[in-house]
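J.: Spelled out, the chains give:
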Amino acid sequence: RKEVEQDPGPFNVPEGATVAFNCTYSNSASQSFFWYRQDCRKEPKLLMSVYSSGNEDGRFTAQLNRASQYISLLIRDSKLSDSATYLCVVTGNQFYFGTGTSLTVIP
Amino acid sequence: DTAVSQTPKYLVTQMGNDKSIKCEQNLGHDTMYWYKQDSKKFLKIMFSYNNKELIINETVPNRFSPKSPDKAHLNLHINSLELGDSAVYFCASSPWSGVYGYTFGSGTRLTVV
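Same order as they appear, the protein sequences are chains A and B.
Under our numbering, think of the first position of the first sequence as 1, with each following residue one higher.
Under our numbering, think of the first position of the second sequence as 108, with each following residue one higher.
Bear in mind the hints are in silico, worked out from the structure with no lab data behind them.
Heads up, a few of these hints could be off.
SDA-like mimics (lysine to any residue), calculated; alpha carbons at most 20 Å apart, straight line [to be verified]:
1) B:LYS159 with B:GLY135
2) B:LYS129 with B:LYS174
3) B:LYS151 with A:ARG37
4) A:LYS42 with B:LYS129
5) B:LYS148 with A:ASP82
6) B:LYS148 with A:THR99
7) A:LYS42 with B:GLY135
8) B:LYS148 with B:LEU118
9) A:LYS42 with B:LYS159
10) B:LYS151 with A:SER26
11) A:LYS42 with B:THR210
12) A:LYS2 with B:MET153
13) B:LYS148 with A:PRO14
Please model the complete structure; the sequences and the hints are all you need to start from.
T.: Structure, rendered in structure tokens:
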């Protein structure tokens, strides 16, 4: 069983739409959680950390559900520039990356 | 100033050759990593060093040998390159606990022909 599972998508949404990604993890002892963004042919970049209480950064909201062992990312009012692959990351004794969810925002 | 820099950015080489990729970070981080991202875009850790000491060594062919001369540098040497080694290799660094996330280099796109 993989440490982290993500729906690879692709998600194709119109500008202005709200889109949500989920990610499940297998190790209940996982400590830290993140969402990374990776643009085509670029390196992954930290988008936001995910806290138990949930956290928001502008149009982006991340949530953690420890009981069900999943994290989520909600993007409101999608922009063309949001098109990228979104990777969830879960830490145990190392970082475990999901395979990424591809998002394309269509004009 | 580039936080995590790796060279070269592109590397095209023939099977059987030996090549090295270099990585340097100027963030003062204690821990550095090598990740491999294959054609399916899956990022998999290969090695991790903390203050020059190897702490993670995943199941990687022993043709791959990391070397950390100091905590700001982590190089990757690959012997007898094979077609299956073609991938993007990312260097990354973090403070010791990693709770603040990783910073990645821009990647080295290795193509073995």
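J.: Would you mind marking each hint as holding or not holding in the structure?
T.: Verification of the supplied hints:
Under the criterion of a C-alpha separation no larger than 20 Å, the hint pairing LYS159 of chain B with GLY135 of chain B is consistent with the structure, at around 13 Å. Distance restraint check for LYS129 of chain B and LYS174 of chain B: the Cα-Cα separation of roughly 10 Å lies within the 20 Å cut-off, and the hinted pair is therefore satisfied. At most 20 Å may separate the alpha-carbon atoms for a hinted pair to count; LYS151 of chain B and ARG37 of chain A meet this at roughly 16 Å. Distance restraint check for LYS42 of chain A and LYS129 of chain B: the Cα-Cα separation of roughly 18 Å lies within the 20 Å cut-off, and the hinted pair is therefore satisfied.
Between LYS148 of chain B and ASP82 of chain A the CA atoms are separated by roughly 18 Å; this keeps the pair inside 20 Å, and the hint holds. Between the alpha carbons of LYS148 of chain B and THR99 of chain A the distance comes to roughly 7 Å, so the proposed pair stays at or under 20 Å and holds. With a C-alpha separation of about 23 Å, the suggested pairing of LYS42 of chain A with GLY135 of chain B is violated against the 20 Å cut-off. Among the hinted pairs, LYS148 of chain B with LEU118 of chain B is consistent with the structure: their alpha-carbon atoms are about 18 Å apart, no more than 20 Å.
Between LYS42 of chain A and LYS159 of chain B the alpha-carbon distance is near 27 Å, which puts this suggested pair outside the 20 Å criterion. A distance of roughly 17 Å separates the Cα atoms of LYS151 of chain B and SER26 of chain A; the hinted pair therefore holds under the 20 Å criterion. For the suggested pair LYS42 of chain A and THR210 of chain B, the alpha carbons sit about 13 Å apart, so the restraint of at most 20 Å is met. For a cut-off of 20 Å, the pair hint linking LYS2 of chain A to MET153 of chain B stands: about 16 Å separates their Cα positions.
Simply put, LYS148 of chain B and PRO14 of chain A have alpha-carbon atoms about 24 Å apart, too far for the 20 Å limit, and the pair is violated.
In this structure, the earlier hints numbered 7, 9 and 13 are contradicted, and the remaining ones agree with it.
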